[in-house]
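Heads up: the protein sequence lines correspond to chains W and U, in order. Read in order, the letters of the first sequence correspond to residues 190 to 564 in the working numbering. Read in order, the letters of the second sequence correspond to residues 190 to 564 in the working numbering.
Simulated from the structure, these hints should not be mistaken for lab results. Do not take every clue at face value.
No copy labels: a pair is met if it fits in one copy or bridges any two.
[To be verified] Think about it this way: if two alpha-carbon atoms lie no more than 20 Å apart in a straight line, the pair counts; the simulated EDC-like pairs of lysine to aspartate or glutamate are:
no. : residue 1 : residue 2
1   : K414      : E295
2   : K555      : D471
3   : K414      : E273
4   : K300      : E502
5   : K529      : D432
6   : K531      : E310
7   : K414      : D276
8   : K529      : E431
9   : K529      : D516
10  : K300      : D432
Number of protein chains: 2
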Amino acid sequence: MSDFAAIEIPQRILLGPGPSDVPHRVLEAMARPTIGHLDPVFLQLMDQTRAMLQRVWRTSNPMTLAVSGTGSAGMETLLVNLVERGDTVLVGVNGVFGGRIKDTAERCGGKVVALERPWGEVFEPGEVIDAVRRHRPAVTALVHAETSTGAHQPVEGIAEVVHDAGGLLLLDCVTSLGGVPVEIDAWGVDAAYSGTQKCLSCPPGLSPVTLSPRAVEKLDRRSGKVPSWYLDLTMVRNYWGEDRTYHHTAPINMLFALHEALRMVLDEGLDARFERHRVMHDRLRQGLEELGMRYLSQSGHTLPMLNCVAVPEGVDEAQVRRTLLGDYGIEVGPGLGAFKGKAIRIGLMGNSATRRNVALVLAALKAALPLASAA
Amino acid sequence: MSDFAAIEIPQRILLGPGPSDVPHRVLEAMARPTIGHLDPVFLQLMDQTRAMLQRVWRTSNPMTLAVSGTGSAGMETLLVNLVERGDTVLVGVNGVFGGRIKDTAERCGGKVVALERPWGEVFEPGEVIDAVRRHRPAVTALVHAETSTGAHQPVEGIAEVVHDAGGLLLLDCVTSLGGVPVEIDAWGVDAAYSGTQKCLSCPPGLSPVTLSPRAVEKLDRRSGKVPSWYLDLTMVRNYWGEDRTYHHTAPINMLFALHEALRMVLDEGLDARFERHRVMHDRLRQGLEELGMRYLSQSGHTLPMLNCVAVPEGVDEAQVRRTLLGDYGIEVGPGLGAFKGKAIRIGLMGNSATRRNVALVLAALKAALPLASAA
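Using the sequences and the hints, build the whole thing.
As structure tokens, then:
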């Protein structure tokens with residue numbers, strides 16, 4: 190016998206910055222018996238998964254697939270494939286995840302121009318456009334939903350200028366996909382990545398990505414091999430495409446889960462899902478403001494699924510989170526970076542965005558705030 | 190409603206080069222409700238997972254963890270962290286997976302010296318040692334279990350010379366871990382990677398890796414950032430270590446599965462597990478030879494869990510595999526590379542290595558071979 194006991198996994202309510210609550214239907218799908226990564230049934234499941242991802246991304250991009258890693262692996266996949274050594278990369282940095290793009294683009298050998306804004310704010314499309322005209326970047330990268338601040342970046346109207354300057358528009362949609370409109374084709378986005386564990390309500394472990402024909406053309410024009418073997422889309426695409434050439438063993442059961450999660454998203458309907466996120470956010474916001482909690486994201490640009498709020502003066506935010514987890518089994522997230530110790534982040538993502546959860550987290554906060562107060 | 194029906198997943202018997210059959214206990218563990226990647230219960234599960242991985246690797250290396258990707262992500266993690274631009278990397282290439290290390294080491298900027306052997310053969314320790322003395326590589330990489338040929342590489346006695354020359358010994362244990370002895374500390378291996386979906390009988394999606402203090406020292410001495418953000422062990426170790434600094438969202442449910450799979454491995458006992466693999470291999474080998482199927486791996490160096498055999502003259506190997514899958518629900522693997530169209534690969538990995546499966550695959554082959562014969 191091993192000395193290691195089974196660990197009792199508690200039933201949490203996940204209202205943090207992700208993962209979100211996973212429906213039982215998805216967990217059950219994930220637990221179906223593992224089959225081979227070249228099994229004809231599995232290939233059919235991959236084809237359907239791609240077709241559903243195209244609908245969720247609102248794109249006709251043939252190169253739409255799930256990278257075998259979490260959201261950050263999707264980010265790195267797009268950068269390592271689309272940024273060549275010496276390329277200028279314009280990155281909007283107004284939180285942790287813009288900073289992460291900057292760091293990764295630099296590791297790919299890109300010459301990064303960082304466009305900065307204080308945490309919580311968004312970029313005016315005009316200032317992005319001005320910077321594009323000035324720097325003519327090979328890649329312009331923005332964070333659609335900045336999970337560290339709750340800011341909702343406007344994207345429309347930028348791609349045309351990016352394209353005129355000969356570049357590609359790249360978008361971090363880790364937290365937005367499935368929760369607010371993401372219009373890859375209508376907005377002219379060339380490359381986007383997401384994660385499964387946010388508004389798609391699937392466990393973490395895969396990163397949906399999509400690349401426009403313009404992005405694929407840049408990939409095909411590369412002067413040398415992609416620096417990463419694992420994330421090299423010139424090979425990965427042959428497994429997801431008609432050739433079905435073995436590259437690496439896909440995370441089979443994770444794809445069972447994603448397939449089922451996408452079916453649930455499309456069964457609900459994207460527009461209905463966006464509306465549900467919006468309505469639950471409005472309820473939550475009203476309750477939080479009544480509790481004296483102020484949003485840290487720019488007014489008019491607040492994400493419905495990620496509510497980053499300052500804790501009232503004198504309140505110990507870590508204590509608030511401990512009470513919520515310990516007494517109520519509710520997970521919320523801490524502030525990150527500039528907001529560390531000052532904020533909590535309440536997620537209402539995918540399956541977690543319900544009236545019941547909004548009522549519960551508000552009731553729990555009402556009880557927890559006085560307990561965590563220095564006064 | 191979505192237009193996408195649920196896909197019926199068939200109950201296969203997985204006797205290919207991986208994935209192997211996953212025990213129900215592991216599938217059930219994986220389907221437990223998702224919790225947060227910083228939840229105290231999850232951190233406890235990670236600590237136990239590391240402790241169990243140390244036992245399975247037979248190492249006391251503190252830097253032992255599961256990379257958030259499949260086996261190839263583990264390979265890339267070790268190379269991208271341990272190979273710096275200009276480093277000499279000696280790679281033993283005697284099949285697909287040695288070739289993959291070579292390709293990846295080159296992408297990391299390594300100057301690769303390939304030591305080559307015909308497919309199916311192994312390297313004599315003496316010839317590896319000679320090459321190490323000649324080239325004094327920063328990293329010497331060997332494939333312990335070459336999944337494309339079934340060859341079982343001897344490793345003992347090499348590390349001392351590698352270390353004397355100032356280098357590190359890196360070992361691909363994707364297919365060997367949990368099926369034949371892997372003695373990280375006793376053999377002096379500095380860096381090794383595996384996959385979950387072979388002899389550990391867990392679904393694919395994680396790559397166990399271990400690094401010796403000597404390897405960690407090289408990592409700490411790097412002159413620049415690791416070229417990959419996602420696989421950067423200088424950051425990943427702070428999440429697996431005591432700091433618990435958020436890096437990326439771990440594949441939570443995959444780690445539930447790995448934790449349970451490792452408990453099953455240790456419950457059986459490593460030595461008993463190796464013996465079971467050996468006994469099942471002997472039974473299979475006898476039956477295959479009776480059917481006129483010849484092993485393509487060097488005599489005396491055949492892996493028990495990966496049986497790469499030539500199909501008899503005039504037999505269409507693809508037809509054999511189709512019959513096995515279609516009529517019996519059994520997956521076996523095709524030949525790769527030099528063996529494409531000439532061989533099939535029969536895996537007896539982890540939970541798949543049973544008397545029942547050996548008897549079944551031999552009976553099915555006996556029926557399928559005449560059907561696929563041109564005669």
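Status of the hints after comparison with the structure:
{"no.": "1", "hint": "K414 - E295", "result": "both (17 Å within a copy, 10 Å between copies)"}
{"no.": "2", "hint": "K555 - D471", "result": "within (18 Å within a copy, 67 Å between copies)"}
{"no.": "3", "hint": "K414 - E273", "result": "both (10 Å within a copy, 17 Å between copies)"}
{"no.": "4", "hint": "K300 - E502", "result": "neither (41 Å within a copy, 58 Å between copies)"}
{"no.": "5", "hint": "K529 - D432", "result": "between (48 Å within a copy, 15 Å between copies)"}
{"no.": "6", "hint": "K531 - E310", "result": "within (17 Å within a copy, 61 Å between copies)"}
{"no.": "7", "hint": "K414 - D276", "result": "both (15 Å within a copy, 19 Å between copies)"}
{"no.": "8", "hint": "K529 - E431", "result": "between (47 Å within a copy, 19 Å between copies)"}
{"no.": "9", "hint": "K529 - D516", "result": "neither (23 Å within a copy, 59 Å between copies)"}
{"no.": "10", "hint": "K300 - D432", "result": "neither (35 Å within a copy, 32 Å between copies)"}
Going through the hint list in order, the structure does not satisfy hints 4, 9 and 10.
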